Amino acid sequence: MPHVVLAGDSIFDNARYTEEGPDVVSQVRGLLPPGWEATLLAVDGATTDDVASQVGRLPEQATHLVLSVGGNNALMHIGILETPVSSMTKTVGALADIASDFERRYRVAIAACLDTALPLAVCTIYNGCFDDRVFQRLASTVLTVFNDAIIRVAIDHSLPVIDLRSVCVTREDYANPIEPSSVGGEKIARVIVGLVCETRATVPATRIIVQ
Numbered sequence: 001m002p003h004v005v006l007a008g009d010s011i012f013d014n015a016r017y018t019e020e021g022p023d024v025v026s027q028v029r030g031l032l033p034p035g036w037e038a039t040l041l042a043v044d045g046a047t048t049d050d051v052a053s054q055v056g057r058l059p060e061q062a063t064h065l066v067l068s069v070g071g072n073n074a075l076m077h078i079g080i081l082e083t084p085v086s087s088m089t090k091t092v093g094a095l096a097d098i099a100s101d102f103e104r105r106y107r108v109a110i111a112a113c114l115d116t117a118l119p120l121a122v123c124t125i126y127n128g129c130f131d132d133r134v135f136q137r138l139a140s141t142v143l144t145v146f147n148d149a150i151i152r153v154a155i156d157h158s159l160p161v162i163d164l165r166s167v168c169v170t171r172e173d174y175a176n177p178i179e180p181s182s183v184g185g186e187k188i189a190r191v192i193v194g195l196v197c198e199t200r201a202t203v204p205a206t207r208i209i210v211q
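Mapping of the sequence shown onto the UniProt record's numbering: position 183 corresponds to residue 183, and the numbering continues sequentially without gaps.
It should be emphasised that the hints constitute simulated quantities derived from the structure, not laboratory data.
Note that the coordinates shown come from a computational prediction; the quantities given were computed from them, not determined experimentally.
The beta carbon of each residue, even a glycine, is placed where N, CA and C say it ideally should be.
Some clues are possibly wrong.
[As the list claims (entries may be wrong)] Beta-carbon label-pair distances, calculated as ranges:
| hint | residue 1 | residue 2 | range |
| --- | --- | --- | --- |
| 1 | Thr116 | Arg16 | 37 to 43 Å |
| 2 | Asp148 | Gly194 | 22 to 28 Å |
| 3 | Thr89 | Thr116 | 40 to 46 Å |
| 4 | Asn176 | Gly35 | 22 to 28 Å |
| 5 | Thr141 | Pro119 | 30 to 36 Å |
| 6 | Thr89 | Val183 | 38 to 44 Å |
| 7 | Pro119 | Arg190 | 31 to 37 Å |
| 8 | Thr91 | Glu20 | 21 to 27 Å |
| 9 | Arg57 | Pro119 | 14 to 20 Å |
| 10 | Gly45 | Thr206 | 33 to 39 Å |
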């Protein structure tokens, strides 16, 4: 029987944020066809460095792997938004260094996923939902360098990309500024299920998926 595995961070492991509402993996299970299964390996707080250990615990019957990781890597560098700017060159250079380090770590995580030989889909990092409009604008801008790395790696390996920036787009989609609510989780679950249940034969290729 088909068996979907969700790896990564709290985008999937969001039970503690849903106020007793269903979490993403429960919503995936509820939307999958009869006989399909879903397992959660994602852990709240995980970064790219944790992915290899997660996929090392894959169920033997796993048939599909979906990865959402990188948001916590970005949070580790949130201080760049509050750093006084003395030189635009230095600021852009610092951001470039962060992006380069993230891409290197993300490639290692993807390599671990590809070693499983399972069909793999990846997710971009959504922009969050911050009350401060200025901070929201800055955060969304900084996240583009992380998402650029994710998409570039996906293209290199012909992986489908679930663009969470276009999935979670309203305040109701968020339980707090950075975690998905049950409303947002259902949207994420529907995109995942729609992707893994595709029956059409396709040549492996990168596609941006939003619904």
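Hint by hint, here is what the structure shows:
Between Thr116 and Arg16, the C-beta spacing of about 27 Å breaks the proposed range 37 to 43 Å. Here the CB-CB span from Asp148 to Gly194 is close to 25 Å, well matched to the stated 22 to 28 Å. Take Thr89 and Thr116: their Cβ atoms lie about 42 Å apart, and the range 40 to 46 Å holds. For Asn176 and Gly35, the Cβ-Cβ distance of about 35 Å falls outside the hinted range of 22 to 28 Å, so the restraint is violated.
Between Thr141 and Pro119, the C-beta spacing of about 33 Å keeps the proposed range 30 to 36 Å intact. For Thr89 and Val183, the Cβ-Cβ distance of about 42 Å falls inside the hinted range of 38 to 44 Å, so the restraint holds. Look at Pro119 against Arg190: about 18 Å separates their beta carbons, and that is not inside 31 to 37 Å. A hinted range of 21 to 27 Å for the beta carbons of Thr91 and Glu20 is inconsistent with their spacing of about 43 Å.
Between Arg57 and Pro119 the beta carbon distance is about 18 Å. The supplied range of 14 to 20 Å therefore holds. One distance hint, 33 to 39 Å for the beta-carbon pair Gly45 and Thr206, is violated here, with the actual separation near 28 Å.
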